[in-house]
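With the sequence shown counted from 1, adding 1 to any position gets you the numbering used here.
Just so you know, the hints here were simulated from the structure itself, not pulled from any lab data. One or more of the hints may lead you astray.
Pair ranges (Cβ atoms, derived) [stated by the list, open to error]:
1. Ser198 with Ser806: 48 to 54 angstroms
2. Tyr580 with Arg420: 47 to 53 angstroms
3. Gly1014 with Asn251: 22 to 28 angstroms
4. Gly566 with Asn162: 51 to 57 angstroms
5. Leu441 with Thr951: 45 to 51 angstroms
With a cut-off of at most 25 angstroms between alpha-carbon atoms, the simulated DSS-like pairs for lysine-lysine come out as follows [stated by the list, open to error]:
6. Lys921 with Lys949
7. Lys837 with Lys862
8. Lys228 with Lys938
9. Lys813 with Lys237
10. Lys175 with Lys196
11. Lys921 with Lys237
12. Lys949 with Lys813
13. Lys237 with Lys1011
14. Lys435 with Lys704
15. Lys150 with Lys921
16. Lys704 with Lys862
17. Lys196 with Lys206
18. Lys259 with Lys237
19. Lys555 with Lys683
20. Lys684 with Lys639
21. Lys716 with Lys704
22. Lys266 with Lys1071
23. Lys862 with Lys601
24. Lys237 with Lys1001
25. Lys237 with Lys255
26. Lys1011 with Lys938
27. Lys150 with Lys202
28. Lys181 with Lys196
29. Lys181 with Lys206
30. Lys511 with Lys683
31. Lys371 with Lys338
32. Lys735 with Lys1011
33. Lys938 with Lys921
34. Lys735 with Lys704
Since the structure is predicted, the reported quantities are computational estimates derived from the model, not experimental observations. Backbone N, C-alpha and C fix where the C-beta goes; we use that ideal spot for every residue, glycine too.
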Amino acid sequence: MLPYEILVGLRGSMQTSARGLIRQQRLLRQPNIDVHSLYNFSTHIKCNSRLVYKDINVNNIKRFHTQLLANCQAGLKDSKPTDFEDASQQETDPFNNLIDSVGRKQTLESESSQDGNMLRIPEQIKKWLFSDLEKAPAKEIERRFPEPKVFLHNLFAVVSNETNIQHCLTSTNKHADLKKKQGWMFTYQIQWPEKMSFSAKGNSKASASLSAALKTLYWLHINGRIKGRFPVVYQKQETLSLLNMPEEFNIEEKVLGKIGDFLTKYETQIVNAVTKSANQDTEKFVTDKPSSDRHPISNNYVDVDKRNEILLNRLNNRRMLTNPELPIVQFKDQILKELDENQAVVIKGDTGCGKTTQVPQFIMDYFTEKGQAANCSMVVTQPRRISAISLAQRIAYERGESVGDVVGYQVRLQQVLPRQKGAILFCTTGILLKKLQTNLKLEGCSHIIVDEAHERSVDTDMLLVLLRRAMQINPSLKVVIMSATINADLFQEYLGCNAVDVPGRLYPVKMHFMDEISQFIPPSQRRLTDDENNGPVVNTDQITDLIRWISENKPPGSILCFLPGWSHILRIQNNLEEYSTSNQLVIPLHSKIPYAIQSKIFDPPPEGVRKIILATDIAETGITVPDVVYVIDSACHKEVRWHENKGLSSIDTHWISKANMNQRKGRAGRVQEGESFHFITKKQYEELDPYPIPEVLRVSLEKTVLDGKTYSNEKAENFLGSMPQPPRISAVKKAVNDLQELGALDENQDLTALGKRIAMFTIHPKLSKAMVYSAVFQCMSPVTTVSAALSLDSEIFYGTLDNKSRIRETKKRFHPTSDHLAIAWIYNQWLDINRKNGSQNAYQFSRRNGLHAERMNILHKVRDINLEHLRESGMIVNVQEASDLNCEENQFAILDELVRGILLSGMDQILKHRNFEIRKGRFTKSGTSMVTEDNAKAQLTPECVNHKRTSWPSPFLIYYQKTHHHERRTTLIRESSMISPITVLLFSQGRVTGSMHNDKDTGAERVLLKIHGKENVHLMCDEATAQTILRFRDLMWLIVRYYVERNVTTKGLYYSDLTSPDDLAEVKRKMLEVLALLLSSSSNSIDEVIDTPTNNNFAKNDFGNNNFSNSGFSHLNRPDDGRYR
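With the sequences and hints as input, model every part of the structure.
This is the structure in structure tokens:
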């Protein structure tokens, strides 16, 4: 910063030299101009005391050089001009404007003469240079600082808030004598950035205060203390220091000694055991092959001849009944002929043609007529659970059979399998993909029917790749692709087969667009088109008005309303129920709702009651509600989009395609003429995309690449490149890189031992990795619960949209700093009550804590599925013991910090809390901020237990998922867990590097630790601690590697019991004890003890002999009383 007096001296010297006068060296104390507002102004003191000014911009070229011979004793040698970086400020700089008026090519030239330096200066600049030194260029300053007094007071209000300086701006005024009359003198005294005062005289108090404010602002400006509309309180070096401030950590001397003893005793043994294990190779674990006398699905024994006879008799009896009059019936022979002569066929059928219900029966009846019914084992895939279940029930009804005889279904968490050969199994696409992992030829299956293929989910595209390959290695396999007429030619070309075109059977449906709808309902106060991000806006009030208008003015018939999400469904349901009448029945339809409730849409309403179905796009295809006559279409849906450049996904509302809209329209007119009402203008409709974007082109591909590796060992680019519409190469490479960082793929894109294990799971690789590690660290139960909860499609709490604070407080009662552990302990208590006191008491517990009772049951089932996958991965033998807190597999499950560490090892994502923020490019301590591992800003949502926390024992949090929010323009995180710096160091998966630094206060050497890929993690400790903890970290992960790679070879996986004796069993037990001691001591301040009476609701091991802190175990003893319900 250039002192005020020095700047005055500079200007005086300039005036003196320009007039060709030699003056004695002296210090001038007068107001001055801002030399820094002119770009790139630098000053240097030569040895002959010559003062050089150079590089002052004028217009676009803007250079002039002056050399002033006047000596200056102002001490400029060490002065440096403040950076002037604000581009917006530069563009409006009044002094630029002043110089710009000179003209583009005018420059100031300097000439040397024996008498001194004479400047040829344009008149406009000369007029300013030689003006009265007491007068600043007021008009130019006023342009920069309009309303200077208000600006000045606002400026120092910010300064006071940031620096806590009391009375940093004060003012005085008094009468003063002017030349011809009496006026006023006004003075501002400032305490920041240094003590200064600025006075001005004027005819009135107002004019004097205005001039004094301008002088004050002017001085702050030339000293670089104003940027835009805010003060520059913190200098660049101070800001950088705070941004990179490392987090100090220490380890108790006693704990450090225990670690050192462990390292001394076991380091060599660990290294030798891992080396020995890496050189071993064993045989592949082989699954049982399908047996010809067993059912390929249920694995039951079958009497083939008897089965053929029974099904033939049933077929003859059904022939006496009237066949359904559906368009597909006329194409039965053509379809069967295509399947006889070819391996594959595409059936392009319009809505209502009957392809979904009749084609499987055509094939089954064809085999039955030939006496070969038992040879027909058919799998029909559906994109949604409700479709698979309802279609199985519908076809069984048409055949006069019960579900589980010929027709069955298998979906996540629910199944009724066919008991005999000669079967039709309806399942979700993911179920068939899982079967393909162990049966690539699809041996035992005669036909695969892929229904609703036009929806183009990732699973569907993956299945098409595998089916095309299965047909090549299994010539007896027949494949049928059924699609609406939406882009069906793509599948025909992909499989190289013929197509059968089947017209639909629909009554006429009249379409109404927004241009016409506005005549039916009152005008809206809200916009219906796009928001600022070109996304559709759903006006629930107008949709409610339209539903009421149809109910009051149209003939009987059910209404099916398509909405983007659950929040819109609830709003409209509440709107309708607010003016509820006895003649309407409102039924919500969403994937979050249990099937028992979903199935109510098929029930006919009572006489005189209109059924109103509020649905997402779950009702768009695959299910038919016969009595729907009116369709209301919001013209949009929720869709996941992956932002490759940001590395995160967002779930936003997007316009549907024309094909989607035609599908929705087709839901009406199944039994009579119908009408559809679309909340979009005719012009907007014409601008919609013709087809939906395939999911593989808009989602993250980590799970897809990993799944692909379970079917083929070829490069990910090649495997995914064989899809009907391959994803971008850059997206595939990003997924491969992420999986390599995760440790699932090696540098050759081959599955590692860890990759082979986590590939057995259906959840995200990050969660499955945490589950695999939980088996090694013996804390499976809580990690399995958290993984299940994070993979659920729906929340377990009620009111996730409007009761976030209540959800937060409920979770805090179970854990004060961790959403993940709160869910784990909530589940444990629910399960304990359910087992001991029955489902009714568990239901009451759910109600008191705002939990969905049904979803707690779903969580329980998903958890069991994940444990089964853990068994399939070879990490455990007994699934039941993995849930028992008393068993050895869960010996350390009650150590909260260890559980958080295991979650971090899988998620590998860290959020850091900072006691300052960068707000619109301005550094401030008046707020706090959160940054992710790439230093991007993020926010915790209100339901998170750490939302708006004031006490931060540790600045580090772990989290699983981040979502970009377009409206808030930030990254949102809905779950987090506080974690200690030591746990961050031990369980982060990146490479750790260290560098020596001297403590500026004590001079002692300290080690700065950084973790690759974690820009927000800087840790510091003394050298001895760093060496010990890093050695322990290396050995800990060597032990993990030993157990993950054990019984895994290049050929496949083995089931293994991690508790069985081996070379490192005793070493691992000792390591876990030392680790537990270290983590327990480091998390004392994080796991706050809740002061409640203890009651042993949960089994726990006695850790007293290990001298562990109670901090990690206090939550285990929570009583089942009102405080926790």
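Hints, one by one, checked against the model:
Checked against the hint of 48 to 54 angstroms, the pair serine 198 and serine 806 passes, with Cβ atoms roughly 50 angstroms apart. For tyrosine 580 and arginine 420, the Cβ-Cβ distance of about 50 angstroms falls inside the hinted range of 47 to 53 angstroms, so the restraint holds. Range check, glycine 1014 to asparagine 251: about 25 angstroms between beta-carbon atoms, so the 22 to 28 angstroms window is met. Between glycine 566 and asparagine 162 the CB atoms are about 40 angstroms apart, so this pair departs from the stated range of 51 to 57 angstroms.
A hinted range of 45 to 51 angstroms for the beta carbons of leucine 441 and threonine 951 is inconsistent with their spacing of about 56 angstroms. Taken as a hint, the lysine 921 and lysine 949 pair is honoured in the structure, with Cα atoms around 21 angstroms apart against an allowance of 25 angstroms. For the proposed pair lysine 837 and lysine 862, the alpha carbon gap of about 18 angstroms is at most 25 angstroms, so the pair holds. Taking the CA atoms of lysine 228 and lysine 938, the gap is about 22 angstroms. The hint holds against a cut of 25 angstroms.
At most 25 angstroms may separate the alpha-carbon atoms for a hinted pair to count; lysine 813 and lysine 237 exceed this at roughly 40 angstroms. Annotation: proposed proximity of lysine 175 to lysine 196 holds, straight-line Cα distance about 21 angstroms (limit 25 angstroms). Taking the CA atoms of lysine 921 and lysine 237, the gap is about 16 angstroms. The hint holds against a cut of 25 angstroms. Between lysine 949 and lysine 813 the CA atoms are separated by roughly 13 angstroms; this keeps the pair inside 25 angstroms, and the hint holds.
Using a Cα cut-off of 25 angstroms, the hinted pair lysine 237 and lysine 1011 holds, with the two alpha carbons roughly 23 angstroms apart. Simply put, lysine 435 and lysine 704 have alpha-carbon atoms about 13 angstroms apart, close enough for the 25 angstroms limit, and the pair holds. Taken as a hint, the lysine 150 and lysine 921 pair is honoured in the structure, with Cα atoms around 24 angstroms apart against an allowance of 25 angstroms. Only pairs whose Cα atoms come within 25 angstroms are accepted, and lysine 704 paired with lysine 862 is accepted, the gap being roughly 22 angstroms.
For the given pair, lysine 196 sits about 23 angstroms from lysine 206 by alpha-carbon distance, which is consistent with the 25 angstroms threshold. For the suggested pair lysine 259 and lysine 237, the alpha carbons sit about 44 angstroms apart, so the restraint of at most 25 angstroms is broken. About 23 angstroms separates the Cα atoms of lysine 555 and lysine 683, which keeps this hinted pair within 25 angstroms; it holds. With a C-alpha separation of about 22 angstroms, the suggested pairing of lysine 684 with lysine 639 holds against the 25 angstroms cut-off.
The hinted pair formed by lysine 716 and lysine 704 meets the criterion: a straight-line CA distance of about 15 angstroms does not exceed 25 angstroms. The hinted pair formed by lysine 266 and lysine 1071 meets the criterion: a straight-line CA distance of about 11 angstroms does not exceed 25 angstroms. Of the supplied pair hints, the one linking lysine 862 and lysine 601 holds, its CA atoms being roughly 23 angstroms apart against a limit of 25 angstroms. Only pairs whose Cα atoms come within 25 angstroms are accepted, and lysine 237 paired with lysine 1001 is accepted, the gap being roughly 19 angstroms.
Between lysine 237 and lysine 255, the direct Cα distance comes to roughly 42 angstroms. Violation of the 25 angstroms bound is thereby established for this hinted pair. The suggested pairing of lysine 1011 with lysine 938 holds, with an alpha-carbon distance near 20 angstroms, which does not exceed 25 angstroms. This hinted pair checks out: lysine 150 and lysine 202 have alpha carbons roughly 15 angstroms apart, not beyond 25 angstroms. Proximity of lysine 181 to lysine 196 is assessed by CA-CA distance (about 33 angstroms); at most 25 angstroms being required, the pair is judged violated.
Straight-line distance between C-alpha atoms of lysine 181 and lysine 206 comes to about 17 angstroms, which keeps the hinted pair within the 25 angstroms bound. Using a Cα cut-off of 25 angstroms, the hinted pair lysine 511 and lysine 683 holds, with the two alpha carbons roughly 14 angstroms apart. Taken as a hint, the lysine 371 and lysine 338 pair is honoured in the structure, with Cα atoms around 15 angstroms apart against an allowance of 25 angstroms. A threshold of 25 angstroms between alpha carbons decides the hint, and for lysine 735 with lysine 1011 the separation of about 24 angstroms falls inside it, so the pair holds.
Pair hint lysine 938 plus lysine 921 holds up; C-alpha atoms about 12 angstroms apart against a cutoff of 25 angstroms. Distance check on the hinted pair: lysine 735 and lysine 704 sit about 12 angstroms apart at the alpha-carbon level, within 25 angstroms; holds.
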